[in-house]
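*Asks:* Sequence:
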Amino acid sequence: MGTQQVISGAEAIRRMRLISKMKDETFTLIHFTCNRKTGAGGELRKVEHCRLRPAMPEKVTKVDPDHYLTYVISDTDEPRMCWKKLLRFVAFPPRYELLKVDWFID
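Under the working numbering, the first residue of the sequence shown carries the number 1, and numbering increases by one thereafter.
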C-alpha cells in the first residue's frame, strides 16, 4: 500500500476554483459533517461531481462566510456547504486520486 499524497488546504481550494471554471469538470471531496444548530456531526461524507458556488453574503450568517466552503452537486444542482477546516480529502480530474488535505502546511 502506497503513502497518501498530501495537499495544503489553500492549494486544494485554489484547484477547486480552477476546476469550477472549466465547463465539464468536477471534483470530489470528503469532509466531516457538523451542524451548529443540532450539535450533530463527526461523520465523514463523500460528495462527488462538485463545483464551487459563490460564497454566502455576510448578512445571511452570523459566522464569517470565509469559514464555509460552498459548493453545488452538479448532477442535481443541489447547493451544499461545509466548514473549510473540516475538509479532509479531495480528488481532481483526470485520475480522481484522493489527496489528503492538511491545513497546517503552506
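It should be emphasised that the hints constitute simulated quantities derived from the structure, not laboratory data.
Mixed in with the good hints, there may be bad ones.
Keeping only pairs whose Cα atoms sit at most 30 Å apart, straight-line, the calculated DSSO-like set for lysine-lysine is [claimed, not checked]:
(1) K21 - K100
(2) K84 - K23
(3) K23 - K46
(4) K84 - K21
(5) K100 - K46
(6) K37 - K84
(7) K37 - K85
(8) K46 - K85
(9) K85 - K21
(10) K23 - K85
(11) K84 - K46
(12) K100 - K84
(13) K100 - K85
Here are the computed distance ranges between Cβ atoms for each label pair [stated by the list, open to error]:
(14) E78 - T3: 29 to 37 Å
(15) I105 - E78: 14 to 22 Å
(16) T3 - P65: 15 to 23 Å
(17) R36 - T3: 31 to 39 Å
(18) C34 - K100: 16 to 24 Å
(19) K100 - H67: 18 to 26 Å
(20) T38 - R15: 16 to 24 Å
(21) D77 - D102: 17 to 25 Å
(22) R88 - R36: 15 to 23 Å
(23) P65 - R88: 14 to 22 Å
In this text, all values refer to a predicted model and were calculated from it rather than measured experimentally.
All C-beta atoms, glycine included, are put in the ideal place defined by N, C-alpha and C.
*Asks:* Just to be careful, I want the Cα atoms of K37 and K84 compared with a cutoff of 30 Å; is the pair within it?
*Replies:* Given pair K37, K84 holds - Cα atoms ~18 Å apart, limit 30 Å.
*Asks:* K100 and H67, beta-carbon distance inside 18 to 26 Å?
*Replies:* Between K100 and H67, where Cβ atoms are some 21 Å apart, the hint holds.
*Asks:* Just to be careful, I want the Cα atoms of K100 and K46 compared with a cutoff of 30 Å; is the pair within it?
*Replies:* Given pair K100, K46 holds - Cα atoms ~13 Å apart, limit 30 Å.
*Asks:* Next pair to validate is K100 with K84; report whether the Cα-Cα distance is within 30 Å.
*Replies:* holds, 14 Å
*Asks:* Is the distance from the Cβ of T38 to the Cβ of R15 consistent with 16 to 24 Å?
*Replies:* 32 Å Cβ-Cβ, so the 16 to 24 Å window is violated.
*Asks:* Holds or violated: the 29 to 37 Å window for the beta-carbon distance between E78 and T3?
*Replies:* Holds, at about 34 Å.
*Asks:* Take a look at whether the Cβ-Cβ distance between I105 and E78 falls inside 14 to 22 Å.
*Replies:* Check failed, 31 Å falls outside 14 to 22 Å.
*Asks:* Please check whether R36 and T3 have a Cβ separation lying inside 31 to 39 Å.
*Replies:* holds, 35 Å
*Asks:* Need the status of pair K100, K85: alpha-carbon distance at most 30 Å?
*Replies:* holds, 12 Å
*Asks:* Between the alpha carbons of K85 and K21, is the straight-line distance 30 Å or under?
*Replies:* holds, 23 Å
*Asks:* Is the hinted pair K23 and K46 satisfied, with a Cα-Cα distance of at most 30 Å?
*Replies:* Holds, at roughly 22 Å.
*Asks:* Could you see if the CB distance from R88 to R36 stays within 15 to 23 Å?
*Replies:* holds, 19 Å
Violated hints for the displayed structure, listed by number in ascending order: 15, 16, 20, 21.
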